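The listed protein sequences correspond, in order, to chains A and B.
Quick note on my numbering: the first sequence kicks off at 17 and runs consecutively.
Quick note on my numbering: the second sequence kicks off at 17 and runs consecutively.
Hints were generated in silico from the structure; no laboratory data involved.
Predicted model only: the values in this text are computed from it and were never measured.
It cannot be assumed that every hint is accurate.
Where chains are identical, the list cannot tell them apart; a pair therefore holds if satisfied intra-copy or between any two copies.
Simulated crosslink set (SDA-like; lysine to any residue; CA at most 20 Å straight-line) [said to hold, decoys possible]:
no., residue 1, residue 2
1, Lys333, Arg177
2, Lys45, Gly97
3, Lys328, Ser299
4, Lys333, Glu61
5, Lys45, Phe164
6, Lys45, Glu159
7, Lys45, Trp160
8, Lys382, Leu346
9, Lys333, His181
10, Lys45, Tyr163
Protein chains: 2
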Amino acid sequence: MSNDLGTLKKSDVAIVGVGITPFGEHWDKGLRELVIEAGFAAASEAGVRGRDIDLMLVGNMSGGMFAGQEHVAALVADFLGLNPTPAVRVEAACASGGVALRQGYLAIASGLNNLVLVGGVEKMTDVGGGWATSVLSGAMDFEWEAYFGATFPGIYSMIARRYMHEYGLTRDQLAKVAVKNHYHGSFNPFAHYRNRITVDDVINSSPVADPLRLLDCSPISDGAACVLLTSAENAKKYTDTPIIIKACEQASGTLTLFDRRDICTIDATIDAANKAYLNSHISPRDVDLLEVHDCFTIAEILALEDLGFCEKGQAGKMYDEGQTYVGATLPVNTDGGLKAAGHPVGATGVKQIVELVKQLRGEAEKGRQVSGAEIGLAQNVGGSGATAVVTILERGD
Amino acid sequence: MSNDLGTLKKSDVAIVGVGITPFGEHWDKGLRELVIEAGFAAASEAGVRGRDIDLMLVGNMSGGMFAGQEHVAALVADFLGLNPTPAVRVEAACASGGVALRQGYLAIASGLNNLVLVGGVEKMTDVGGGWATSVLSGAMDFEWEAYFGATFPGIYSMIARRYMHEYGLTRDQLAKVAVKNHYHGSFNPFAHYRNRITVDDVINSSPVADPLRLLDCSPISDGAACVLLTSAENAKKYTDTPIIIKACEQASGTLTLFDRRDICTIDATIDAANKAYLNSHISPRDVDLLEVHDCFTIAEILALEDLGFCEKGQAGKMYDEGQTYVGATLPVNTDGGLKAAGHPVGATGVKQIVELVKQLRGEAEKGRQVSGAEIGLAQNVGGSGATAVVTILERGD
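So here's chain A without its partners, still in its complex pose (with noise of 0.2 Å):
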């Protein structure tokens, strides 16, 4: 099996820069617009130039078909004056990002490079809505779940159903999801929805594969993510406040839900943030705030169980109790989550990392930010699961 990573590292990782352009529908910006804006943001914070940035990697799942466009990597890198930079495109479908994060936290951990810009990128909105929930469908298995038309939204809504029997979760309790991650979202300028809404809203909106109705699901969104990495101990060149990267861990599981031990759980997810904590030494109590990967309401309270916040069946009464709002006992999405800040597939995984390093450095806005914040965690999901990326945050100063 793979090395410990925790004992062969030579040295710790540091986001120094962090840029995030807002995430909706953008008419007037193509994929390379979305990505270099982000990109500029999070070098510009650093007061880094392109030659400085020795590896670009871009998480993208699907620029072939949302726009035609592969090669994405070497597009980005180009356009943002890198050549002759190395430059990677990293697909895992909407873990494309979280993956993307975790080579270049590899790169400089094993002290192979000096200053990594990561990127996370989709432009989903120039193709039509059936359009894009058939690219989407290419995160599954295509030959055994899409080509019998199997969509995610009918994916989510066998493993909500299934929980729901086997749990006792409530139609109410899963509609707070929704109501809280709008509620934080409403706080972020960079949301793709900030409007609140509230539990009848939810169990009210148009069915789309029952017992999911439409404010059950993320909603299709552009936007890029990127962050600068650099080695913690030349982190306070670019930065008063970097932020470690404790761990970042990616499993896999299977790509076909059918193949699962248990469909009410990701195996890969609790494999990931295993292998994290114990490369960290932080455990789930250590935690501020969480980022958890909520294409849907029941994803959520998968993630909360799977990550170890609470036992197997106990997510649903989190809800109840408040317990996931900023200012409660544990801040789940606090910039609105895949729900209401949006879900720009190949950016996603890089998104939730930036939202955690504003966090960490007490710059998020009021409303939306966690006092006194210094561990946060990251869990970003590929298709229904074949794919888990973990990551652990930590103030570094």
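The hints should help you fit chain B onto chain A, whose structure is shown.
Relative to chain A, chain B alone:
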């Protein structure tokens, strides 16, 4: 700028197993069957089981556009029985395989991983030729080239026309690239085309984009290739004939042809090659054979010059003199190259490595084995030159 990898790497990297499918039209196999066949072959050669592998990398250009399937690395890991091992898809157009190899090389060189399986795969023949050409256009700048009707035969025809004007390359010299590659391919049981052709055949084949004819163009193919990597010190556990990766370097250039300082030169090849020579202390005169990216005949001409095997404008003469045949001074594309062996785009960069390994082990078929080969070099190009990867291999015993 980047650290010098030569001084930082913790271990030399060895290739201890290779696997490849025949290239061609596989009506009975999909993307997953192809890469699994190659992956099992590579692991079996080394006597390795799935649980021993601690990272999977897959180079694939456009599973989405060709087969509706993104999230390709998780799919491959799942069907190879590797879960929960991390699996990362890497995309850089036709250099996807080379970039995947490089990520695997760095994972071993840094000491982060013990045993890495690197695959490349493309399944292209399930769609029509017109759609395939559109998909491949995703490797260029979609908005500034493809949108206006540019195709890759068109792009490379402009390069060929300009080169013939500048340096007096003749139509016969260009044809001799394809004639030589088909001759080599006739000895390769895995080649898409094994028929021998003549200069007249090339010149009289159907026009595609003047001056390029059908037999100047590599075909649309299905296929997969895999290599298994470990550290040089562990290599003897798995094989008696380890092949050492002396260098594996990547560089980026402009995506659009019109932004180049000179359209007859691929600067990314020069940049990657110079770093590879520097880090390996190997120079062109030490190299016994080459695998270069002959997506079109003119591309092989550029490669020999950009890699430093002759002066600018002089490569055509090497073909008049037969220097690039097996048995002559500098054998090039001993498996038939992209032209005759075939070009499943995501697989090509890994296939080049499989061929060099077979040659350096002395295992290539009669008629194409380079006698006493000790050092081989591979050049893999994405698009018209926005990404280039140059790899140098040496026999380890």
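Hints, verified against the model:
1. Lys333 - Arg177: within (17 Å within a copy, 71 Å between copies)
2. Lys45 - Gly97: within (19 Å within a copy, 42 Å between copies)
3. Lys328 - Ser299: The answer is within: 17 Å in one copy meets 20 Å, while 61 Å across copies does not.
4. Lys333 - Glu61: neither (41 Å within a copy, 53 Å between copies)
5. Lys45 - Phe164: between (35 Å within a copy, 19 Å between copies)
6. Lys45 - Glu159: between (34 Å within a copy, 12 Å between copies)
7. Lys45 - Trp160: For Lys45 and Trp160, the Cα distance is within 20 Å only across copies (15 Å; inside one copy 35 Å).
8. Lys382 - Leu346: Classified as within; 17 Å inside a copy, 68 Å across copies.
9. Lys333 - His181: within (16 Å within a copy, 75 Å between copies)
10. Lys45 - Tyr163: Classified as between: cross-chain Cα gap 16 Å, same-chain 32 Å, threshold 20 Å.
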